[in-house]
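Given these sequences and hints, build the entire structure.
One line per chain: the protein sequences are A and B, in this order.
If you read the first sequence in the working numbering, its first letter stands for residue 1, the second for the next number, and so on.
If you read the second sequence in the working numbering, its first letter stands for residue 1, the second for the next number, and so on.
Just to be clear, a hint being listed does not mean it is correct.
As the list claims (entries may be wrong) - Beta-carbon label-pair distances, calculated as ranges:
| no. | chain 1 | residue 1 | chain 2 | residue 2 | range |
| --- | --- | --- | --- | --- | --- |
| 1 | B | Asn312 | A | Asp481 | 22 to 32 Å |
| 2 | A | Glu344 | B | Asp9 | 40 to 50 Å |
| 3 | B | Glu372 | A | Glu480 | 30 to 40 Å |
| 4 | B | Ala24 | A | Arg309 | 55 to 65 Å |
| 5 | A | Thr287 | B | Thr38 | 50 to 60 Å |
| 6 | A | Asp78 | B | Val192 | 43 to 53 Å |
| 7 | A | Glu344 | B | Asp451 | 30 to 40 Å |
| 8 | B | Glu171 | A | Asp481 | 36 to 46 Å |
As the list claims (entries may be wrong) - Taking lysine-lysine pairs in the DSSO-like style, the calculated list, with each CA pair at most 27 Å apart, reads:
| no. | chain 1 | residue 1 | chain 2 | residue 2 |
| --- | --- | --- | --- | --- |
| 9 | A | Lys405 | B | Lys94 |
| 10 | B | Lys174 | A | Lys212 |
| 11 | B | Lys178 | A | Lys390 |
| 12 | B | Lys31 | B | Lys49 |
| 13 | A | Lys112 | B | Lys382 |
| 14 | A | Lys335 | A | Lys297 |
| 15 | A | Lys82 | B | Lys452 |
| 16 | B | Lys382 | A | Lys54 |
| 17 | B | Lys304 | B | Lys274 |
| 18 | B | Lys89 | A | Lys405 |
| 19 | B | Lys89 | A | Lys111 |
| 20 | A | Lys212 | B | Lys382 |
| 21 | B | Lys452 | A | Lys297 |
| 22 | A | Lys212 | B | Lys178 |
| 23 | B | Lys382 | A | Lys111 |
| 24 | B | Lys56 | B | Lys274 |
| 25 | A | Lys112 | B | Lys89 |
To be clear, the hints were calculated from the coordinates, so they are not data collected in a lab.
For every residue, glycine included, the Cβ atom is placed at its ideal position computed from N, Cα and C.
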Amino acid sequence: MSGKTRVCYSCQRNGRLTCRRTRLGEPCLKTYPLEYEGLLRRARVTFQAGHTLKESFRVAQLEAVVQMLEEHESDFVDALGKDLHKPRFEAVVSELVLVKNEALYAINNLKKWMQPQHVERNLSTTLDECLMVSQPLGVVFIVGTWCSPVETCLVPLVGAIAAGNCALISPSECTAHTAELLHRLIPFYLDNECFHVILAGTRDFPEVVELKFDHVFFTGNRSEGTRIAQAAARTLTPVTLILGGKNPCYVDQDCDIATTAQRIAWARFHNAGQSLVAPFYILCHTTVTARLVQALKCCLTQFYGSDPRESSSYGRMVNLDIFNRTKNMLWRSGKVAVGGQVIEAEKYIAPTVLTEVTESDPIMQQDIFGPVLPVLTVNNVDEAIAFINKQEKPLCVYAYSSNSKVITRLMSETSSGSFCSNDSILQSLMVALPFGGVGASGMGSYHGRYSFDTFSHRKSCLLRSTRFECVTYLRYPPYEDRNLSLMTWASTLSQKSQGWCHIL
Amino acid sequence: METHSQILDRLRSSFRSGITVPEAFRQAQLKQLMSLMTENEDQILDALKKDLAKPKFESVIAEVDMVINELHFTIANLNSWMQPEYVSKNLATKLDDCFVRREPLGVVLIIGPWNYPLQLLLSPLIAAIGAGNCAILKPSEVSAATDALVAELIPKYMSQDCYAVVRGAAEETKALLKNRFDHIFYTGSQAVAHHILHAAADHLTPVTLELGGKCPCLIYGKVNIPYAARRLAWSKFFNTGQSCVAPDFLVCSKATRDALLPALRQTLEDFYSKEPESSADLPRIVSPRHWTRLMELLKRSKGKVVMGGESNEESKYIAPTVLVDVAEDDALMEEEIFGPFLPILTAETLEEAIALINRQEKPLALYVFSEESSVVNTVLEKSSSGGFCSNDGIIHMALPTLPFGGVGASGFGSYHGRWGFETLSHQRAVMLRGWTLERLNGLRYPPYTEDKLSWLRWTTSAKPSCSLM
Numbered sequence: 001m002s003g004k005t006r007v008c009y010s011c012q013r014n015g016r017l018t019c020r021r022t023r024l025g026e027p028c029l030k031t032y033p034l035e036y037e038g039l040l041r042r043a044r045v046t047f048q049a050g051h052t053l054k055e056s057f058r059v060a061q062l063e064a065v066v067q068m069l070e071e072h073e074s075d076f077v078d079a080l081g082k083d084l085h086k087p088r089f090e091a092v093v094s095e096l097v098l099v100k101n102e103a104l105y106a107i108n109n110l111k112k113w114m115q116p117q118h119v120e121r122n123l124s125t126t127l128d129e130c131l132m133v134s135q136p137l138g139v140v141f142i143v144g145t146w147c148s149p150v151e152t153c154l155v156p157l158v159g160a161i162a163a164g165n166c167a168l169i170s171p172s173e174c175t176a177h178t179a180e181l182l183h184r185l186i187p188f189y190l191d192n193e194c195f196h197v198i199l200a201g202t203r204d205f206p207e208v209v210e211l212k213f214d215h216v217f218f219t220g221n222r223s224e225g226t227r228i229a230q231a232a233a234r235t236l237t238p239v240t241l242i243l244g245g246k247n248p249c250y251v252d253q254d255c256d257i258a259t260t261a262q263r264i265a266w267a268r269f270h271n272a273g274q275s276l277v278a279p280f281y282i283l284c285h286t287t288v289t290a291r292l293v294q295a296l297k298c299c300l301t302q303f304y305g306s307d308p309r310e311s312s313s314y315g316r317m318v319n320l321d322i323f324n325r326t327k328n329m330l331w332r333s334g335k336v337a338v339g340g341q342v343i344e345a346e347k348y349i350a351p352t353v354l355t356e357v358t359e360s361d362p363i364m365q366q367d368i369f370g371p372v373l374p375v376l377t378v379n380n381v382d383e384a385i386a387f388i389n390k391q392e393k394p395l396c397v398y399a400y401s402s403n404s405k406v407i408t409r410l411m412s413e414t415s416s417g418s419f420c421s422n423d424s425i426l427q428s429l430m431v432a433l434p435f436g437g438v439g440a441s442g443m444g445s446y447h448g449r450y451s452f453d454t455f456s457h458r459k460s461c462l463l464r465s466t467r468f469e470c471v472t473y474l475r476y477p478p479y480e481d482r483n484l485s486l487m488t489w490a491s492t493l494s495q496k497s498q499g500w501c502h503i504l
Numbered sequence: 001m002e003t004h005s006q007i008l009d010r011l012r013s014s015f016r017s018g019i020t021v022p023e024a025f026r027q028a029q030l031k032q033l034m035s036l037m038t039e040n041e042d043q044i045l046d047a048l049k050k051d052l053a054k055p056k057f058e059s060v061i062a063e064v065d066m067v068i069n070e071l072h073f074t075i076a077n078l079n080s081w082m083q084p085e086y087v088s089k090n091l092a093t094k095l096d097d098c099f100v101r102r103e104p105l106g107v108v109l110i111i112g113p114w115n116y117p118l119q120l121l122l123s124p125l126i127a128a129i130g131a132g133n134c135a136i137l138k139p140s141e142v143s144a145a146t147d148a149l150v151a152e153l154i155p156k157y158m159s160q161d162c163y164a165v166v167r168g169a170a171e172e173t174k175a176l177l178k179n180r181f182d183h184i185f186y187t188g189s190q191a192v193a194h195h196i197l198h199a200a201a202d203h204l205t206p207v208t209l210e211l212g213g214k215c216p217c218l219i220y221g222k223v224n225i226p227y228a229a230r231r232l233a234w235s236k237f238f239n240t241g242q243s244c245v246a247p248d249f250l251v252c253s254k255a256t257r258d259a260l261l262p263a264l265r266q267t268l269e270d271f272y273s274k275e276p277e278s279s280a281d282l283p284r285i286v287s288p289r290h291w292t293r294l295m296e297l298l299k300r301s302k303g304k305v306v307m308g309g310e311s312n313e314e315s316k317y318i319a320p321t322v323l324v325d326v327a328e329d330d331a332l333m334e335e336e337i338f339g340p341f342l343p344i345l346t347a348e349t350l351e352e353a354i355a356l357i358n359r360q361e362k363p364l365a366l367y368v369f370s371e372e373s374s375v376v377n378t379v380l381e382k383s384s385s386g387g388f389c390s391n392d393g394i395i396h397m398a399l400p401t402l403p404f405g406g407v408g409a410s411g412f413g414s415y416h417g418r419w420g421f422e423t424l425s426h427q428r429a430v431m432l433r434g435w436t437l438e439r440l441n442g443l444r445y446p447p448y449t450e451d452k453l454s455w456l457r458w459t460t461s462a463k464p465s466c467s468l469m
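The structure is reproduced here in structure tokens:
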């Protein structure tokens, strides 16, 4: 979307100088602040009426999500193709099937997740019921990002629905066709009072957050994440932040170079490098750098042919802004060993591998979402670990080695959202593993049961009866040392048998 | 005198050296904390008496024993909590190791309140130690004697490289918060919580907020009035009402109220005698400022005092006070009372009562007194609160297997026992793969074909509970 931006009629009316649209000449589909407030109010009223509490309601909504993805698969593929030139394969496998599987997993486990969980009791609560009950939080705000626009909106939504919440969902404005598709389809499949898709820009998010939600779930970059956290601080709103950053990947001298190259190339260049979880840069053992680069070159030819521009398996940059930023970094960092071609009119950047990159190069100073893989050399594992620990904690740390000691060191001496050895990305796709960040890569996690827990409140419940005062009377005033000794004695007794107890 | 950033740098480099990671270190520090508690009980009781006129009994059961209990529980269970949690694998990952690892976060800041100045500072510390973090403790300056004692004892018993105490009031705390921590654990008021969250947001620091709220207490259906009166009075006037989980106000029908009042009167007499001011078992308000705040509230209230109401500014004494005819918009309903006033509001039906409490912010705790399980279950399901207890008050937080924390305006995050360990750890997903099965992997590589797509779809749809690849 380049060239002059004209302001559409409704934006003019609302005093805005720029607006968004799907195609030049079409009306702007932006949602305005007054509308967000109205939608939030409707969702809240519906939540308070208790519609989302029943298991049958939640299951029906989850099944509707699955139905929507199945019945409109080609529409989603089409929209993702227009937004990101995403090949059909990637759209289906990394977005649609992923969401479907999360929804099916939630449907299959919802009954279990909704059950109260009884906990171990102590001596004085033996006659009581001690349990935890998961309750929905209320109305949640979900913000998706543009590199996986469907997945980053709908997987959290699955969790929110399963936990019994209502939600406002904001798909990324950068992937306008996908956003518009979700905006159009969701009202046909999901409850119209509980779930609303809003079309908001990043500038509007703090304003939306301040309307007061019960939880905000944000996927994006660090600076946007910080603004969301600051807005949430003003309303004491809990947040989950999944923030992109620079995921390091260590390649050891002792590894299967061919397989390593294949797995890294796949992870780095799918979706034309626009991924939160791809290896961002390689720390390669100096003795294998040349072989790795050669192997990567071979893989890329295998994957995308001699001219990736012709390949239907290769994507494009989402917009000119991202294209330009990536292009600028490309030529100012290290040496282009593979690729390097760019075509502005198509927002095309060839899969590129850079060598002789140093820490101070521009590409290592910023977060680049694009098909450029810098390769830095290290002399040993210690250097690699020291390098990784100098940076902010990323979403993922990767290590390729046949030596399990090396793997263990990389795992235990670094910190990141998740860790994978001898492959990349897969650990973020497993429904049974939590996916999230730590430190600068965010807080909180989701997928599978973790999504359900993120959007629930685990209420502790102690259900006593008033029939037995036999032990409780000890605690009442007037306080007597004798009673205190009795209570302490009973406590110690339990401590010896169970390790702990408290008599109250 | 070290500056804040010097302390933080020192702790951070200790953390980076990996010293807090082995279980042996954590257990040793927990045992040191245990020695601190057992060897200094007299000094602790003394400090609490100075700060809040806390009777020995209350100090022992609500402060000392709670911390010791938490220590025993953590020491006994730490090993199992530290184990990697293996997860169920899918078709494609059968040959891999997939597990969740609990890793320490780094340097944790723990800010304690003044009402249970030892327990609410040291329980989070136990969680921090157990999870392998370093920690900076900031005790409340309002409970000055405990503040001084903690500052003296912690460096004596605990590793000075890993744990530090920072003292000061609001200005010093603000300055401290400018630094970057890996987690902030705050127990206190909503007003201060905003500042803390804001300072944390700049560094993207995760926060646990344990805030108060107006914890309602409902009495409906068939009730054993004398027992209910005793348990209610005990939980309300323990620490002279200065508990974040004390029942803040009561809602019941007029008939219940009329039956309850004589029972309450008798109970208060049994507990504190006819002259509560002379009872050694009733603590005092923590400071003149807090005393004044409470007395102003009482003055502005339009309710009728039916029990208590006496006070003594010099000794910061306020009698256990019960008020009736309190409306929903009364002064006493504006904010958390945090003192020995028990307003009784009336609502004839359970539905009205539930609607009333749902008009308030979500509290830290919610109580129901009733013999009828249908009443208890209705309230449980139709309301939201951090914790819930039927036919008693406060004690649900003494069970270390239950998470203790708030929701909505009463905070987020939780702790006690394993929950504290989880809160102050990072749950890191780990997948350890090998080089095999590359042919199966090959399905996902470009060039993309419809054939490969069908195969991949088939492998994932074969088991509906299987995730991709």
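Hint check:
1. Separated by about 27 Å at the C-beta atoms, B:Asn312 and A:Asp481 satisfy the suggested range of 22 to 32 Å.
2. The hinted window of 40 to 50 Å between A:Glu344 and B:Asp9 holds, with their beta carbons roughly 47 Å apart.
3. The supplied range of 30 to 40 Å is met by B:Glu372 and A:Glu480, whose beta-carbon atoms lie about 34 Å from each other.
4. Restraint check, B:Ala24 to A:Arg309: a C-beta distance of roughly 59 Å satisfies the suggested window 55 to 65 Å.
5. The hinted window of 50 to 60 Å between A:Thr287 and B:Thr38 holds, with their beta carbons roughly 57 Å apart.
6. In this structure the hint that A:Asp78 and B:Val192 lie 43 to 53 Å apart at CB holds, the actual value being about 52 Å.
7. Range check, A:Glu344 to B:Asp451: Cβ separation about 35 Å, and the 30 to 40 Å hint holds.
8. Distance hint check: the CB atoms of B:Glu171 and A:Asp481 are about 42 Å apart, consistent with the given range 36 to 46 Å.
9. A C-alpha spacing of about 22 Å is found between A:Lys405 and B:Lys94, which places the hinted pair at or below 27 Å, so the restraint holds.
10. Taking the CA atoms of B:Lys174 and A:Lys212, the gap is about 25 Å. The hint holds against a cut of 27 Å.
11. Under the criterion of a C-alpha separation no larger than 27 Å, the hint pairing B:Lys178 with A:Lys390 is consistent with the structure, at around 21 Å.
12. With a C-alpha separation of about 26 Å, the suggested pairing of B:Lys31 with B:Lys49 holds against the 27 Å cut-off.
13. Pair hint A:Lys112 plus B:Lys382 holds up; C-alpha atoms about 21 Å apart against a cutoff of 27 Å.
14. Between A:Lys335 and A:Lys297 the CA atoms are separated by roughly 14 Å; this keeps the pair inside 27 Å, and the hint holds.
15. Between A:Lys82 and B:Lys452 the alpha-carbon distance is near 23 Å, which keeps this suggested pair within the 27 Å criterion.
16. Proposed proximity of B:Lys382 and A:Lys54 is supported: the alpha carbons are some 13 Å apart, at most 27 Å.
17. The suggested pairing of B:Lys304 with B:Lys274 holds, with an alpha-carbon distance near 20 Å, which does not exceed 27 Å.
18. Between B:Lys89 and A:Lys405 the CA atoms are separated by roughly 24 Å; this keeps the pair inside 27 Å, and the hint holds.
19. For the hint pairing B:Lys89 with A:Lys111, the CA-to-CA distance comes to about 21 Å; that is within 27 Å, so the pair holds.
20. Among the hinted pairs, A:Lys212 with B:Lys382 is consistent with the structure: their alpha-carbon atoms are about 21 Å apart, no more than 27 Å.
21. Straight-line distance between C-alpha atoms of B:Lys452 and A:Lys297 comes to about 23 Å, which keeps the hinted pair within the 27 Å bound.
22. For a cut-off of 27 Å, the pair hint linking A:Lys212 to B:Lys178 stands: about 26 Å separates their Cα positions.
23. The hinted pair formed by B:Lys382 and A:Lys111 meets the criterion: a straight-line CA distance of about 19 Å does not exceed 27 Å.
24. A C-alpha spacing of about 21 Å is found between B:Lys56 and B:Lys274, which places the hinted pair at or below 27 Å, so the restraint holds.
25. Proximity of A:Lys112 to B:Lys89 is assessed by CA-CA distance (about 19 Å); at most 27 Å being required, the pair is judged to hold.
Consistency note: the structure conflicts with none of the earlier hints.
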